[in-house]
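Chains as they are written, first to last, in full-length UniProt numbering: chain A, 1 to 378; chain B, 1 to 378; chain C, 1 to 378; chain D, 1 to 378.
If you are wondering where the hints come from, they were derived from the structure by calculation, not from laboratory data. Some clues are possibly wrong.
When chains are identical, the list treats them as one kind, so a pair holds in a single copy or across two.
[Said to hold, decoys possible] Derived DSS-like pairs (lysine-lysine); straight-line CA-CA distance at most 25 Å: (1) K131 / K121; (2) K45 / K3; (3) K371 / K346; (4) K329 / K131; (5) K276 / K47; (6) K213 / K156; (7) K118 / K331; (8) K179 / K236; (9) K40 / K2; (10) K366 / K331; (11) K331 / K236; (12) K259 / K2; (13) K259 / K3; (14) K366 / K94; (15) K269 / K315; (16) K315 / K236; (17) K259 / K331; (18) K3 / K40; (19) K269 / K371; (20) K236 / K2; (21) K259 / K315; (22) K315 / K40; (23) K2 / K45; (24) K216 / K45.
Protein chains: 4
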Amino acid sequence: MKKPLLMTPGPTQVHEDVRQAMAKNITNPDLDQDFFEYYKETCNKLKKIFKTENEVLILSGEGILGLEAACASLIEPGDRVLCIENGIFGRGFKDFAEIYGAEVVCFEGDPRKAIDVKELKEFLDKDNDFKLATLVYCETPSGITNPVDEICPLLKEYNILSIVDSVSAIGGEPIEVDKWQMDIVLCGSQKCISAAPGLTFLSISEEAWNIMKNRKAPIASFYCNLALWENWYEEKWFPYTQSISDIYGLDCAVDRILKGDNYIERHRKNGEAVRKAITKAGLELYPLSGFSNTVTTMIVPEETTFEEINNHMLKEHNIMIAGAFDYLKDKVIRIGHMGENCYEEKLYITLKALDETFKTLGVEMKGSLQKHFVDEID
Amino acid sequence: MKKPLLMTPGPTQVHEDVRQAMAKNITNPDLDQDFFEYYKETCNKLKKIFKTENEVLILSGEGILGLEAACASLIEPGDRVLCIENGIFGRGFKDFAEIYGAEVVCFEGDPRKAIDVKELKEFLDKDNDFKLATLVYCETPSGITNPVDEICPLLKEYNILSIVDSVSAIGGEPIEVDKWQMDIVLCGSQKCISAAPGLTFLSISEEAWNIMKNRKAPIASFYCNLALWENWYEEKWFPYTQSISDIYGLDCAVDRILKGDNYIERHRKNGEAVRKAITKAGLELYPLSGFSNTVTTMIVPEETTFEEINNHMLKEHNIMIAGAFDYLKDKVIRIGHMGENCYEEKLYITLKALDETFKTLGVEMKGSLQKHFVDEID
Amino acid sequence: MKKPLLMTPGPTQVHEDVRQAMAKNITNPDLDQDFFEYYKETCNKLKKIFKTENEVLILSGEGILGLEAACASLIEPGDRVLCIENGIFGRGFKDFAEIYGAEVVCFEGDPRKAIDVKELKEFLDKDNDFKLATLVYCETPSGITNPVDEICPLLKEYNILSIVDSVSAIGGEPIEVDKWQMDIVLCGSQKCISAAPGLTFLSISEEAWNIMKNRKAPIASFYCNLALWENWYEEKWFPYTQSISDIYGLDCAVDRILKGDNYIERHRKNGEAVRKAITKAGLELYPLSGFSNTVTTMIVPEETTFEEINNHMLKEHNIMIAGAFDYLKDKVIRIGHMGENCYEEKLYITLKALDETFKTLGVEMKGSLQKHFVDEID
Amino acid sequence: MKKPLLMTPGPTQVHEDVRQAMAKNITNPDLDQDFFEYYKETCNKLKKIFKTENEVLILSGEGILGLEAACASLIEPGDRVLCIENGIFGRGFKDFAEIYGAEVVCFEGDPRKAIDVKELKEFLDKDNDFKLATLVYCETPSGITNPVDEICPLLKEYNILSIVDSVSAIGGEPIEVDKWQMDIVLCGSQKCISAAPGLTFLSISEEAWNIMKNRKAPIASFYCNLALWENWYEEKWFPYTQSISDIYGLDCAVDRILKGDNYIERHRKNGEAVRKAITKAGLELYPLSGFSNTVTTMIVPEETTFEEINNHMLKEHNIMIAGAFDYLKDKVIRIGHMGENCYEEKLYITLKALDETFKTLGVEMKGSLQKHFVDEID
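So here's chain A without its partners, still in its complex pose:
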């Protein structure tokens, strides 16, 4: 397989050190007592990124497993669940909640804007009898981040638990799980953390643990059952054999983040410069507000199609960008600037390649994306 430069919104490039950490010799993670300490240590490092004292667990599976596990473990048949959504991922939460028997009510936001907290408050003033709410920090398909720092505390005022999909935000956008009173916050290894895909991890508040312990109906899953983990450390027992090699990689990726630069500032700076470059060139961003610093979504210029752009970028420049799917299919181009990809030099050559691509495809632009970027990044 060719290995293009991955400027997609996840999986990102995985640093050589992280990949080599996965290649380390293994021990038996079920039986080696040292592994339980290692696992805990990695969880503790994740707590620093999440800014939380809540317990963090790492599950063997993709990000969506974390999301399903949260729903499966908290929701009982008949529970009223509020699905706060302004995009494809937010709306998808509804299906997961319904699988586990929830009666779901949706709060729909404008798909091109961040959730409006004022409107949400008005909604809640009318109907707030929800056990929990689901929401998405960064809507990866549209490149919109929602004000979870305001929404989660607001939900708490109405005594509503929150499950927050933060998969493409953590490691790029600010997060303060405790301060923002977030109950379950889930993330995946392959986005801003820049580890290989295969792991999901989530923080679980005391209140969320209590809900699980006091359920009436049993949790209708084993692999998605978070309650099984309650005493994993005390009992030195995992519900299944842990993905030790992937955890080696995750641990290394997390170390790179914690020991490295101010990654939130780096994402902010690069994200902003990319957006300004696009706007200055006369091209159109998809979001009207809530601009994500981890992925930029722009509307496909009318002179061409996503497929033409994508093929040209791959063949002529060996750079992979992304389109989207569902109602955004063929409408937008997405450039990921997450984790290992969120470096000025990578965006520099990506935008230079995009300049050439747009020029070849007859797209009219004011100036050059690359040069606008260079001017704006200072």
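Take the given structure of chain A and dock chains B, C and D to it, following the hints.
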């Protein structure tokens, strides 16, 4: 972490080439069209090991995910399910079937013997109104293999589907999925395949696909929903981002098996020599029949305890063996001879270390395990 | 050790694939017949880069070993040797020739200019009784390349053999060993080839082999004796155990070059843009002619010192550039753009860091190095 | 290339950790001040193995470079040198001494026995006007170790310096450089140290340094000139760019030795058991005394040839053993049990393969090499 020689019944040692394959640079497995071909190719290699024309899927998660996915996808509430069991893992299947609404009937075998096919036939002659049966090829905790080559065809005579946990058998014991008419056969990466833990893969018969397609009740899970994979290749779409690095490793591990020696004969030869060594030394095997060639389970000599043996082996010899759990806790010692661990020289030093350990702990033996092994292996 | 971005004129960054090639399991290179084929194949690939049909040998040692081996093997006591020099490396050749008994005559060029072929011709018209001449393709300390394409054919007109140090040129500058009638051309692994330091390789013309075979005095060295290699392939014998791991790395590095882009054009384009950026910023290049495309040497701005620049670049930007030594010590700054370092994005961030460094140290500049570079590289 | 199990007397297998250490990212070893500390630290670790306070240097080249460098740096034209020899390597020293102008006198020992110290003393009582003596600790081709612990102090009594080739001894046989008053002791990376080939390292006594400093004639080499290294640390300057990746590997290999088991005892035990197995089987060792613990040399049984044995071992067992060369060509088989290869389980399978090979080739043996080994190793 120290890295002892892992002579446990999985995870096994992972060969350097397999670990380094996991360290290869990645592409985006959601978007890179080449990855769909790569994934398919790996599945095709697994088909050769499974000896099947059935579709094989690789899921991102531990072996138990495969087991749950099979139950979740095939079972509808109220379905009658036969749980054929003679050990901890077989019995555990009952719980999974019940989560998804099955009415489970158990056929209990002697825990120290392979399932008796004649008895099973008698049982079935009386009650055979089952949608499916669950069974375990190799009961890892007890070291007993069941005659799945006879059981599965027998079930077919009664029009009963089979879900067979072959996690610790495939790659060590003979398997003929098509010839033996097995419907869902599931395996994990970390046993005889000797890849890192984190993947499960399963073969699905045409009949099993049809059952899924003609369900009345929806499948009560997303992550465990096999039906979602129906057209993955045609649509170039996976239900979630694939664990590409783990699949790189699996592909390499499978290549090692397919291009290497006669691994089934190697497991047979080493397994047999280990058992004979134990018996000649006057020690007692746990199984009375159905001796597994991938794991040997012996009863803890009365002069000592598992904990003493285990600690001594780890501290003095840096070799990790295993005990068991549930009703076998503290009763047995298990030596894994699976995949990368199933080589004469590794068993040679393991048995030599065990000789010294038993001697130190005052266990009476006839001669030496190591020397009996050397004599028997010829 | 910290691992700064190495923008020095060698050793360069070594690509992960090359480093991992060094980590491959080894065979016995003295006894394994396959290794002789492997070594030959790597030599054949080098021939393609050298553009020669002459034999190429790889020696276990740094570049200077190749240079000494050429002198030791060709020179007999009393031989008249012409040392064509315009820099530190060219002058150093004199010492090597003298160790092996040569009577050396120097042709001195201007240290800031390429060797003037017309002047050399005038010199040779007066005195041309030389067995051989030594010269340097790229004077790494001053960043000057000499017109070896004209000099070597000119020497041949006077029947003078050439030994050409091409260590920092091959892999970046054009080379045509056969067309330019070069006798011994030597190179090292750690410059534009971007392998790890530790190997030197050289091409040897038929005439050079004949000189060695017809010597009167024995070669006064074993490790530097090229004549020992005469029948290495036929006899499947090396004078000493070969550095197999380093050769694995070299082979991979050479593959990257041969299968990659037009590397000579890439070096030309980047080298030129770096020089133009420096000139446009009002800073001074050290060379007045013969500008190297693999290393740029600029005069240290009067407002500061090399040490200040170097420390700031290392501490604030984690980028390592180089000064020089001998009469150039503290006078110049060198930026390597060789092999793996000769990519636009690396020079982009290096020049951006240099902008900030110069600004901090009070250096007056017209505009920005980085932006001039971005403008010029198009 | 196939990768057989290397049971040759060097290069040995290189441990994965050592190979991966070579794959680490590099810094510029000429310019990075930290590298000078790293190099020094590795030298200090080597001092512990050498058991010396003398300076240790690591040179970029194969073991023979160390040997030549010692001769080149210490010998002046006309010096009288005593070559103490009882084998191919000892005799070869003569040529090196002569290249650098020595008048060499040989003390010849029995090629099948260790040097007889009493005879040497008698020799020295008659003629002892030597500047230095050359000798070999372990004659790798014949598998004989010489009593350097007695010879070196004896030489000192006559005020004769010693250059000791310890390439295949250090890391396997006892060494006490200071206690035994050895002047230059040289070793290579690829024998008992089990690093990749490509480095040589040597300890240099105060007296040897003084000899170099007070030479009348200049040292007739650059690459072999040890005097250039005199102030490398103070001046932070190496005579040439160091092989940093190889040194990473060496450092890791040395760590493995220093942090591991009692490697001298391990070599003694395994070497002895191999020899006893051969003798008990009725086969003949080549040495009559001075049995090496790092390599065993046996006479080719009359029923067959080395080539037949070697081919069978390679093709049927994928194990590489060695023959020898010069006057031992086709006469002996050599089994290396050096460093990483000197483990019971590797010798177990090697001897088992040899049993099968000898049986197939019609060699008459008493019992089995493998079983004799198993009996003797206890």
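Status of the hints after comparison with the structure:
no.	hint	verdict
1	K131 / K121	within (16 Å within a copy, 51 Å between copies)
2	K45 / K3	between (30 Å within a copy, 23 Å between copies)
3	K371 / K346	both (14 Å within a copy, 16 Å between copies)
4	K329 / K131	neither (34 Å within a copy, 41 Å between copies)
5	K276 / K47	neither (33 Å within a copy, 49 Å between copies)
6	K213 / K156	within (20 Å within a copy, 42 Å between copies)
7	K118 / K331	neither (29 Å within a copy, 64 Å between copies)
8	K179 / K236	neither (31 Å within a copy, 42 Å between copies)
9	K40 / K2	between (37 Å within a copy, 17 Å between copies)
10	K366 / K331	within (21 Å within a copy, 44 Å between copies)
11	K331 / K236	between (50 Å within a copy, 19 Å between copies)
12	K259 / K2	between (31 Å within a copy, 13 Å between copies)
13	K259 / K3	between (28 Å within a copy, 14 Å between copies)
14	K366 / K94	neither (42 Å within a copy, 59 Å between copies)
15	K269 / K315	between (29 Å within a copy, 22 Å between copies)
16	K315 / K236	between (51 Å within a copy, 20 Å between copies)
17	K259 / K331	neither (39 Å within a copy, 36 Å between copies)
18	K3 / K40	between (34 Å within a copy, 18 Å between copies)
19	K269 / K371	both (16 Å within a copy, 18 Å between copies)
20	K236 / K2	between (42 Å within a copy, 18 Å between copies)
21	K259 / K315	between (36 Å within a copy, 16 Å between copies)
22	K315 / K40	between (44 Å within a copy, 24 Å between copies)
23	K2 / K45	between (34 Å within a copy, 21 Å between copies)
24	K216 / K45	neither (34 Å within a copy, 45 Å between copies)
Going through the hint list in order, the structure does not satisfy hints 4, 5, 7, 8, 14, 17 and 24.
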